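Number of protein chains: 2
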Amino acid sequence: MPLGESERWEKTYSKFCGLETDFSDDVPSLLSFNIDNGRFDFVVAPLINPSYRPSLVDERDSDSHVLPFAGSDLVVSPLKWRLRVIGKISSWIDLDSEDETLRMNSETALKQEIAWAKHLSLRACLLPTPKGTSCANYARCVNQILQGKLEMEVIFLLSFTRTSLHQSLIFLLRSHSAMKLWLRIPLRKSNSEYPIDSWEIWNSLRLLCDHDSKLSVALDVGSTLPLPSKNSRGRWLGESVKAAIISTDCFVPIDGLPYLQKSHQDLIGSFFHGHAYLGAKGLTRSDSFITFIIISGIPLDDLQTDFGAQKHPHKPYLDYLSNLFEKMEPLSEQERIDFRHRDCLCTPLQPLRDNLEAHSYEMIERDSVKYTQYQRAIAKALVDMVSDEKASELTIVLMVVGAGRGPLVRASLQAAEETGRKLKVYAVEKNPNAVVTLHDLVKTRGWEGTVTVISRDMRFWNAPEKADILVSELLGSFGDNELSPECLDGAQRLLKPNGISIPFSYTSFLQPITSSKLYSDVKSRNNLSYFATAYSVKLHSVARLAPCEPVFTFTHPDLSRKPNNQCYKKLLFNVPSNTGSALVHGFAGYFEAILYDNVHISNEPTTETPNMNGWFPIFFPLMKPLEVHPKSTIEAHFWRCSDSTKVWYEWSVSLPTFSPIHNTNGSSYWIGL
Amino acid sequence: MPLGESERWEKTYSKFCGLETDFSDDVPSLLSFNIDNGRFDFVVAPLINPSYRPSLVDERDSDSHVLPFAGSDLVVSPLKWRLRVIGKISSWIDLDSEDETLRMNSETALKQEIAWAKHLSLRACLLPTPKGTSCANYARCVNQILQGKLEMEVIFLLSFTRTSLHQSLIFLLRSHSAMKLWLRIPLRKSNSEYPIDSWEIWNSLRLLCDHDSKLSVALDVGSTLPLPSKNSRGRWLGESVKAAIISTDCFVPIDGLPYLQKSHQDLIGSFFHGHAYLGAKGLTRSDSFITFIIISGIPLDDLQTDFGAQKHPHKPYLDYLSNLFEKMEPLSEQERIDFRHRDCLCTPLQPLRDNLEAHSYEMIERDSVKYTQYQRAIAKALVDMVSDEKASELTIVLMVVGAGRGPLVRASLQAAEETGRKLKVYAVEKNPNAVVTLHDLVKTRGWEGTVTVISRDMRFWNAPEKADILVSELLGSFGDNELSPECLDGAQRLLKPNGISIPFSYTSFLQPITSSKLYSDVKSRNNLSYFATAYSVKLHSVARLAPCEPVFTFTHPDLSRKPNNQCYKKLLFNVPSNTGSALVHGFAGYFEAILYDNVHISNEPTTETPNMNGWFPIFFPLMKPLEVHPKSTIEAHFWRCSDSTKVWYEWSVSLPTFSPIHNTNGSSYWIGL
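As you go down the protein sequences, you meet chains A and B in turn.
For the first sequence, UniProt numbering assigns the number 1 to the initial residue and increments by one for each residue that follows.
For the second sequence, UniProt numbering assigns the number 1 to the initial residue and increments by one for each residue that follows.
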């Protein structure tokens with residue numbers, strides 16, 4: 001039973017849980033037994049006889065020689081090859097052996113197997129774990145494969161009939177670029193037997209192959225207990241893990257059925273997120289979110305054996321995993337909406353320079369939690385300003401600066417009603433399109449006499465009177481990045497000497513993260529300037545390597561601050577030592593704001609306002625990922641710079657190594673004044 | 001007296017030795033005293049009153065405020081400003097101070113001074129040494145300046161008459177891009193007072209500014225004795241050192257005149273190489289090879305004082321340096337020829353794929369030392385093959401494969417004559433243009449009957465008889481990089497079973513080097529593929545960080561070798577610990593060949609054949625320079641790969657950090673078969 005099976009789902013595409021098998025010459029039977037009978041979605045099967053070694057082939061026979069592949073391309077349909085078989089590359093291959101014959105054999109065999117897999121248009125091949133601690137030559141061969149030299153060789157290497165050659169060419173053209181390589185990497189604690197952290201092996205291959213997006217990890221959970229520390233496991237969240245291999249040794253038998261311990265359940269659960277998405281209705285098909293699950297190893301001896309001849313010995317494991325999947329909590333409505341944005345790079349809004357469009361307002365206004373917080377803050381401020389006794393005589397002048405289509409006007413009026421205070425509201429908005437809506441609201445909601453709409457930029461409006469309270473929502477994902485400081489500095493002359501600004505203050509935060517996905521996506525844009533740009537991202541496949549540190553704080557009103565709002569912050573992050581080594585692809589940014597008194601809003605993970613969804617985090621990439629080793633400190637520098645027309649950030653790191661300064665003079669990314 | 005003064009030299013361009021001066025409001029007198037009277041070529045002078053601090057300026061006066069610059073732009077001619085003044089940026093500037101006022105003042109002042117210097121079109125400004133160990137904010141400001149944001153600000157910042165504005169705009173357009181920044185870096189040993197290696201400070205700024213070629217070092221030799229170790233000083237040879245500042249404290253008085261100790265003499269001598277070039281006749285003018293010398297500090301008290309009122313107190317120092325320069329050994333003829341190639345990136349020849357042109361043959365044939373070595377090797381082989389007794393009866397069959405325009409034919413015939421052996425020569429050449437010359441030589445030199453010209457590719461010629469000796473010169477800068485192995489493997493069937501190949505074997509060598517110049521040049525080509533290309537380079541401004549290691553060896557004839565000649569070598573380099581930290585920009589490659597018996601040719605520095613000039617070294621760059629710290633090991637990987645149409649190298653490093661593998665599948669650089 002495929003995980004995440006659903007009625008609306010075409011079975012041919014639902015390939016989630018597979019089984020690692022031995023070499024079989026009879027591929028049709030192999031597929032029939034494991035897929036039709038065992039209900040697995042795919043097999044991970046060796047493509048060539050494991051006893052084959054290129055050097056044992058007599059070269060004099062080479063004219064008529066046929067490699068001992070499993071079957072020919074014609075034994076099952078092309079679609080079956082593609083969807084039901086992951087090629088398992090021979091595990092004897094050792095590309096960094098000191099033995100030159102073995103090394104040469106390994107290179108020839110690897111390339112022959114890959115060429116065959118490409119000929120079959122397989123979706124992926126599982127590469128064996130590098131044997132030693134050194135893997136430069138392995139990386140070189142993999143890198144040559146990834147960069148596609150083998151395409152033409154396929155044709156020379158194999159002998160086809162004219163028809164199948166033609167067919168295979170078409171197939172190649174259609175799909176060769178899609179073949180992925182999954183590198184089998186054990187998830188294990190380093191100890192005396194394995195002195196090398198297995199993450200280091202992955203990292204060295206990945207760096208030597210320059211983050212090629214077609215190279216991923218197949219994380220082999222194996223049987224070693226206990227699992228590595230949570231921090232150590234957490235590193236893999238930011239890596240491109242396309243498959244998880246679970247050995248039957250990980251299971252414990254209870255009443256003749258296999259079960260997983262809690263720690264393993266949690267681990268497997270974390271690989272299901274993509275399946276949950278595919279299970280959801282009406283969403284596009286895509287493999288890219290999936291972590292494939294692969295069961296490996298021989299079944300337990302003492303499993304129930306009351307299944308008939310038809311029953312597959314690994315079926316109980318599949319059943320257990322399906323069951324685990326079924327028990328997962330379904331995605332919330334908001335999670336479903338945000339799903340398609342997971343780890344997608346978006347350019348942050350520029351609401352000051354650009355006039356927002358209706359759908360952006362709609363997105364913003366949908367965040368009801370935020371407006372509830374504003375209403376609470378305004379209510380508190382009103383009560384603090386006007387005692388109960390004076391409630392009926394005093395009228396508070398409140399200006400909503402940047403009123404948009406009125407959500408804060410509504411929150412203000414509701415706060416007044418709730419507290420029984422009298423209010424006079426000015427709704428100041430620079431976008432003439434939103435002003436149309438505001439006028440309409442005043443008419444339809446009966447706000448005449450209470451709300452005055454002002455069609456001006458808050459920085460240049462000459463108000464007829466001063467305000468007691470200035471309310472605004474100008475914050476970006478990173479606090480000041482939508483120029484709230486510049487706007488409110490321009491508007492603070494509208495406030496009475498003891499007037500209140502809501503928000504009162506806001507602070508930005510940063511933390512170093514691993515995110516292969518984001519790094520590859522930026523890199524694939526093929527221009528270094530994309531590394532000097534900040535992005536708004538719904539972070540998901542991310543390892544957060546150290547707690548957040550505060551960056552810039554702005555308080556309002558503030559008459560003493562320098563007019564240009566330039567700031568500089570040096571940040572130090574300590575990666576917990578039980579994390580092991582890790583790779584920093586950039587920094588995730590957040591904000592926390594004090595609206596008034598104890599009323600906060602935040603998207604910073606540790607202080608996050610529950611269910612507030614108005615802001616994705618911001619992501620500042622690094623051109624060159626930063627390797628950090630246990631106990632090393634990360635020293636980063638962030639600058640907020642400005643001139644007469646724009647504001648921008650520059651950033652760099654200086655520990656453990658130096659990066660170039662990113663976005664000099666705002667050449668790639670800036671926010672217009 | 002300008003260093004390197006020559007009659008054919010226009011004085012206005014010969015600016016080599018300058019003097020660091022105090023601030024003076026009277027620039028015309030400053031120039032007249034130091035240049036016209038003192039005979040210095042330029043002054044390094046502060047541009048603004050050292051007591052000026054931006055925060056002390058009353059902002060209410062800002063409308064009429066004039067910055068206290070030294071004079072106006074009109075006090076001396078634009079050309080004098082440009083050629084006679086290097087701007088000395090205020091030394092109180094501290095951009096990484098914890099004191100925010102000082103930091104802000106520093107940033108404003110730096111930008112004002114630079115803007116003024118650009119307005120004056122100065123060629124360079126001398127930046128003060130960073131104050132502390134951290135210099136990220138300094139780097140950020142310098143980086144903003146280097147990337148040119150200030151150009152337009154100049155115009156807003158300063159007040160001009162209409163004419164001078166126009167003039168300055170033209171001047172700006174013509175020359176702003178040329179203004180260089182020289183960062184003053186002390187050459188000192190790290191000790192308790194200076195715990196930081198000063199190279200590290202330069203390195204951090206340079207990396208943060210991403211190797212901007214407009215940023216260079218002004219190396220301040222100061223008075224500290226003894227000088228750092230030779231290895232430590234050697235690092236600077238590969239850096240962009242545009243000026244050397246020599247303090248009067250470095251000199252010792254002898255008979256009332258200043259002298260330098262031997263170690264200092266040698267150090268200064270190493271900065272003169274560019275001057276020697278400029279002193280040579282008929283070569284193009286260019287600043288780019290020059291290291292400017294700057295004298296700094298107050299003159300010794302006990303110097304001779306018998307010079308009149310006209311005499312300049314620093315004149316004795318200038319005289320001493322001029323004297324030192326005059327005593328330098330002049331460049332040899334060959335050095336002069338090669339001078340223009342120093343540190344220039346050339347694409348290596350592809351003599352197999354391309355037919356060489358006449359001027360290339362001319363270059364090759366000019367290397368008389370090489371042919372002398374060949375003649376010695378052939379003579380030895382002839383004597384070993386044919387005893388004196390049999391000299392008159394036996395005729396040795398010698399084939400020159402790749403005969404070109406015949407230099408090896410000549411060397412063979414001379415060897416035969418010298419040893420009294422009888423020779424029959426086949427001159428095999430694939431280039432039909434060279435064959436024309438060969439035929440002509442046979443006629444004009446009277447070689448008929450002895451030399452047969454064969455117009456064929458050696459790999460495909462069916463010879464009428466087999467050869468006793470096969471002579472070839474197919475080696476490239478890196479030994480096998482012009483496909484000598486492939487050609488000779490194809491030709492070895494022409495040889496008798498006990499025949500001799502000259503060369504007998506060859507080995508390539510590599511060593512890690514620092515070369516800012518080469519790195520910047522590759523980077524300026526603005527395409528990463530240029531980092532995956534090898535270059536032929538007359539290495540000069542280079543720090544060789546570790547001894548060479550052997551890479552690939554080929555022996556001829558060799559019937560047991562694999563036909564594809566693919567090889568892989570892992571190399572380990574240990575940087576001597578007294579070098580300190582350093583930056584590896586790539587690897588320099590060389591070769592050594594055994595022609596026959598004990599007759600060698602080599603361009604590897606420690607075994608170099610004297611006066612052989614046929615091969616520049618090869619340079620393999622790294623995309624991302626590699627930081628190495630004391631006691632760290634460099635692990636590099638080199639592969640020689642091939643397919644049916646080409647041969648190429650791939651390379652990477654894995655220690656201390658990983659690089660991507662360069663030139664995967666020969667995508668950027670390959671040698672055609």
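Simulated from the structure, these hints should not be mistaken for laboratory data.
Bear in mind that the values here come from a model prediction, so they are computed numbers and not experimental data.
Just to be clear, a hint being listed does not mean it is correct.
[Said to hold, decoys possible] The calculated lysine to aspartate or glutamate pairs, modelled on EDC-like cross-linking and capped at a C-alpha distance of 16 Å, are:
| no. | chain 1 | residue 1 | chain 2 | residue 2 |
| --- | --- | --- | --- | --- |
| 1 | B | Lys569 | A | Asp521 |
| 2 | B | Lys570 | A | Asp99 |
| 3 | A | Lys569 | B | Glu98 |
| 4 | B | Lys80 | B | Asp36 |
| 5 | B | Lys562 | A | Glu100 |
| 6 | B | Lys466 | B | Asp489 |
| 7 | B | Lys569 | A | Glu98 |
| 8 | A | Lys570 | B | Asp643 |
| 9 | A | Lys570 | B | Glu98 |
| 10 | B | Lys570 | A | Asp643 |
| 11 | B | Lys538 | B | Glu608 |
| 12 | A | Lys562 | B | Asp489 |
| 13 | A | Lys569 | B | Asp99 |
| 14 | A | Lys624 | B | Glu627 |
| 15 | B | Lys422 | B | Glu448 |
| 16 | A | Lys624 | A | Asp457 |
| 17 | B | Lys569 | A | Asp99 |
| 18 | A | Lys570 | B | Asp457 |
| 19 | A | Lys569 | B | Asp96 |
| 20 | B | Lys562 | A | Glu107 |
| 21 | B | Lys570 | A | Glu98 |
| 22 | B | Lys624 | A | Glu107 |
| 23 | A | Lys569 | B | Asp489 |
| 24 | B | Lys569 | A | Glu627 |
| 25 | B | Lys570 | A | Glu393 |
| 26 | B | Lys111 | A | Asp521 |
| 27 | A | Lys562 | B | Glu100 |
| 28 | A | Lys570 | B | Asp96 |
| 29 | A | Lys111 | B | Glu100 |
Indices of hints not satisfied (ascending): The structure conflicts with hints 1, 8, 10, 12, 16, 18, 22, 23, 24, 25, 26, 29, although it agrees with all the remaining ones.
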